[in-house]
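**Q** Read off the chains here:
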Amino acid sequence: MTNVIPDDFGYGEEQAMLRREARKVLEGASTTAAVRGWMETPAGFDEGMWRTAAEAGWLGLAVPAEHGGSGLGAVSLAVLMEEMGRALLPLPFFGALFTTLVLNEAGSDAQKAQWLPDLAEGKLFGAVGTEERAGGWDHAHVEDSARREGDGILLSGQKDLVVDAPSANLVIATFREEAGPSLFAVEARSPGVTLLPDELVDATRRSGAVQFGGVRVGEEARIGAPGAALSILGRVMPRIWAALAAEMVGGADRLLSMTVEYAKIRQQFGRAIGAFQAVKHPLVDVLARVEMTRSLVYRAAAAIDHAPAEGERLARMAKAIASDTYALAAAKAVQLHGGIGFTWECDVQLYFKRAQWSRAAFGDAAHHRRRIAEMVIGG
Amino acid sequence: MAQHDETPDKRRLREEARAFFQDNRPADPGFKLPQTFLEVESERQFLWLKEWQRRVHDAGLLGVEWPEAYGGRGMPPGSQRVVAEEMSRAGVPFIVNRIGLDWAGPTILAEGTEEQKKRYLRNILACEEVWCQGFSEPGAGSDLASLRTTAVRRGDHYVINGHKVWTTQAMWADWMILLARTDAAAPKHVGISYFLFPMKSQGVSVRPLVKMTGEGGFNQVLFEDVEIPASSLLGKEGEGWRLAVMTLAFERGAQEGSATGGILSDAVRVGRIVELAREARRDGRPASEDPWVRDKIAELAIEEEALLASALRMKVPGLVEERPMAIPFMGKLVGSELSQRLAALAQEVEGPAAQYAFGAERAIEGGHYQRAYMNSFGFTIGGGTSEIQRNLIGERILGLPRST
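These protein sequences, in sequence, are chains B and P.
Every letter in the first sequence is one number past the one before it in the numbering used here, and letter 289, counting from 1, is 289.
Every letter in the second sequence is one number past the one before it in the numbering used here, and letter 248, counting from 1, is 627.
In case anyone wonders, no lab produced these hints; they're calculated from the structure.
Heads up, the beta-carbon is just placed ideally off N, CA and C, and yes, glycines get one too.
Please note that a few of the clues may not be correct.
What the hints assert, rightly or not - The calculated SDA-like cross-link candidates involving lysine to any residue, where the alpha carbons are at most 20 Å apart (straight line), are:
#1 B:LYS264 - P:ALA565
#2 P:LYS675 - B:ALA327
#3 B:LYS264 - P:SER782
#4 P:LYS694 - B:ARG19
#5 P:LYS675 - B:LEU328
#6 B:LYS24 - P:GLU701
#7 P:LYS389 - B:VAL4
#8 P:LYS694 - B:GLU14
#9 P:LYS389 - B:ASP324
#10 P:LYS675 - B:ALA366
#11 P:LYS694 - B:HIS367
#12 P:LYS675 - B:ASP324
#13 B:LYS264 - P:LYS694
#14 B:LYS24 - P:ARG781
#15 P:LYS675 - B:GLY379
#16 B:LYS264 - P:ASN770
#17 P:LYS675 - B:ARG371
#18 B:LYS24 - P:VAL699
#19 P:LYS675 - B:MET375
#20 P:LYS694 - B:VAL4
#21 P:LYS694 - B:GLY379
#22 P:LYS675 - B:VAL4
#23 B:LYS264 - P:ARG702
#24 B:LYS264 - P:ASP553
#25 B:LYS123 - B:LEU200
#26 P:LYS675 - B:GLU105
#27 P:LYS429 - P:LYS615
#28 B:LYS264 - P:THR783
#29 P:LYS615 - P:ALA565
#30 B:LYS264 - P:GLY697
#31 B:LYS24 - P:PRO455
#32 B:LYS264 - P:GLU774
#33 P:LYS615 - P:LYS694
As the list claims (entries may be wrong) - With the C-beta cut set under 10 Å, the calculated list includes, among others, these residues of chain B facing chain P:
#34 PHE9
#35 GLN15
#36 VAL25
#37 GLU27
#38 LYS123
#39 LEU124
#40 ARG176
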């Protein structure tokens, strides 16, 4: 840790190579035709693609080397997420990443040894539940309880909109103890765990409500100390926000390219519509937002890696601006594609829905701005 | 800022600049200073700012990227920005000879003869000679290439006739970078030449214009059979358009080489609006507690941070390989519109007090924000309007077909 954000964002040959390889693989495999096929399946993703992701080292990107991963930082992760977002890749990657980050941050040696290698190899599917219906995006709102009973602990309650829960065989969630909210890891097949799959606006994603009906676990299931969940999540969430924001930049950029290409080809009144300022100017506004957002995403990622004290503020900023940028890019893409943009067969709608899901996931723009205001103004 | 992992040279420069601006902050002049170089209207403002620039240059903090032979320090690209950041942090007055430093100087440095470089550059830095820019004309607007001012060669002289407008600082200027038509028969982009024009010539008249703030600062300039030596030409005859495009790129911040390194107007920054929000009242409580105010401040704080992050990212080739010139081309558009929205927000934060005129006794900070809002249009219109910028970016960066 140098505690300064490097001028070059910590972006070097390693990241450039990762980008080249990811782009090559994804351009070949994750075409919109393929995505449409995968999203119609019950699982929502392709197992072959998952193995590809494991073999390419993507699943182990955040896993430390001693547990079978490459232990690259937030900047590398941003590169990968940007490329995944560009290709609209449907994979239960977020759940796995979230699980990995929580275990890295606070798992015991035994927990890490048990789960991290399998996460890196793609043998283990994870999901982390942090939100309850009444709490919105507030992690401190935890009604789900962890109650001591005999020599065990009983977990009760329900987490909502748990990303990648339908495919998960390990679920980590927050439960209130006397000391405060704690994180527990539960095998998804444990008696008392029930999954209620969600129907999402974005068909390339899967999530679900996870019910815990008095699930019995031992002390070894707790991650970190009793009552430590909020401080653990406080260190993990900036990585999640930056990663999602990077994915959103990739999607927004792809929407921009698709719309620019269309505007060059589509003729109206005897000219390509891109020659009309009413079309050109909104596209430039999208470009400006996309480029500003990308800058902030990489700055946030570099801060997380090198100057963590700055990480939370910048990552919240990145998620907030990415939410607005992706939504803008999506709205303009549909509008400027005209009638065709409003149809099911136009690929724009796939990204449009990804933008809708993404802006509401892990805190929307207004939610993060509220927290940013606390940091910038105080009170 | 100042948190980046800087080279030792830049870190030393930063420390040097910080110490200088801390120890040499000028005393309150006892009269109102303009907000930017566009609004210098009185001689005492001008002379005061000239003296301030001279002191900054004497301290070795201007033109740090220019060669030593011309009064600079020969430091690597990005060095001047370090000084600019420290000036901004210290909140000291702006540098007055902005057109000389950022537009004329870099163009002369790139295209001038050795004699021209020696003649002009050091005087620009020390503010011995002030520059203005004669590009705009009454009939041409943003369509610079349709300019009609003429320069006719007569032996070893050119004779200039015509009319320029929106000429900032023309009344103080010793020199003008002037575009004039040297070949009326040639296609409109081809017949233009670029001159280093002496303002104190016979036949030049400068007529001030008053802005909506009530301030002066820009002018009309009329040329009536003005004779200038042929050596005033920069580059070759007929090359004017190429050189003008270069100057405009400097003006839009699309090139390194700026002698002031500035990116954002300092008239309004988020940090100042936060202070304002703590002072201003809404429903009897600090405006800083109002949820709407908080949301808007956070929104613009994010954009300000994104703009600063972009200025850094554009120097990392691997992170701009998709569209290498996007950020440089967008700098003026994004920066000027953000400054404008910041000034608008500051007025909203003021609440009822936003009704007071600039200069009114009961106005908050003398009506600084009302004035800043009005003046912000100088940047969204001047140097190519935001609309022209959008056309340019759409065509050059996105590859869209030309607008008619």
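**Q** Each hint: holds or not?
**A** How the hints compare with the structure:
no.: 1; hint: B:LYS264 - P:ALA565; result: violated (32 Å)
no.: 2; hint: P:LYS675 - B:ALA327; result: holds (18 Å)
no.: 3; hint: B:LYS264 - P:SER782; result: holds (12 Å)
no.: 4; hint: P:LYS694 - B:ARG19; result: holds (18 Å)
no.: 5; hint: P:LYS675 - B:LEU328; result: holds (18 Å)
no.: 6; hint: B:LYS24 - P:GLU701; result: holds (15 Å)
no.: 7; hint: P:LYS389 - B:VAL4; result: holds (15 Å)
no.: 8; hint: P:LYS694 - B:GLU14; result: holds (18 Å)
no.: 9; hint: P:LYS389 - B:ASP324; result: violated (36 Å)
no.: 10; hint: P:LYS675 - B:ALA366; result: holds (10 Å)
no.: 11; hint: P:LYS694 - B:HIS367; result: violated (32 Å)
no.: 12; hint: P:LYS675 - B:ASP324; result: holds (14 Å)
no.: 13; hint: B:LYS264 - P:LYS694; result: violated (30 Å)
no.: 14; hint: B:LYS24 - P:ARG781; result: violated (33 Å)
no.: 15; hint: P:LYS675 - B:GLY379; result: holds (16 Å)
no.: 16; hint: B:LYS264 - P:ASN770; result: holds (14 Å)
no.: 17; hint: P:LYS675 - B:ARG371; result: holds (13 Å)
no.: 18; hint: B:LYS24 - P:VAL699; result: holds (18 Å)
no.: 19; hint: P:LYS675 - B:MET375; result: holds (14 Å)
no.: 20; hint: P:LYS694 - B:VAL4; result: holds (18 Å)
no.: 21; hint: P:LYS694 - B:GLY379; result: violated (37 Å)
no.: 22; hint: P:LYS675 - B:VAL4; result: violated (28 Å)
no.: 23; hint: B:LYS264 - P:ARG702; result: holds (18 Å)
no.: 24; hint: B:LYS264 - P:ASP553; result: violated (47 Å)
no.: 25; hint: B:LYS123 - B:LEU200; result: violated (25 Å)
no.: 26; hint: P:LYS675 - B:GLU105; result: violated (34 Å)
no.: 27; hint: P:LYS429 - P:LYS615; result: violated (32 Å)
no.: 28; hint: B:LYS264 - P:THR783; result: holds (15 Å)
no.: 29; hint: P:LYS615 - P:ALA565; result: holds (15 Å)
no.: 30; hint: B:LYS264 - P:GLY697; result: violated (27 Å)
no.: 31; hint: B:LYS24 - P:PRO455; result: violated (36 Å)
no.: 32; hint: B:LYS264 - P:GLU774; result: holds (11 Å)
no.: 33; hint: P:LYS615 - P:LYS694; result: violated (32 Å)
no.: 34; hint: PHE9; result: holds (6 Å)
no.: 35; hint: GLN15; result: holds (7 Å)
no.: 36; hint: VAL25; result: violated (18 Å)
no.: 37; hint: GLU27; result: violated (14 Å)
no.: 38; hint: LYS123; result: violated (33 Å)
no.: 39; hint: LEU124; result: violated (33 Å)
no.: 40; hint: ARG176; result: violated (29 Å)
Hint compliance for this structure: hints 1, 9, 11, 13, 14, 21, 22, 24, 25, 26, 27, 30, 31, 33, 36, 37, 38, 39, 40 are not met, and every other hint is.
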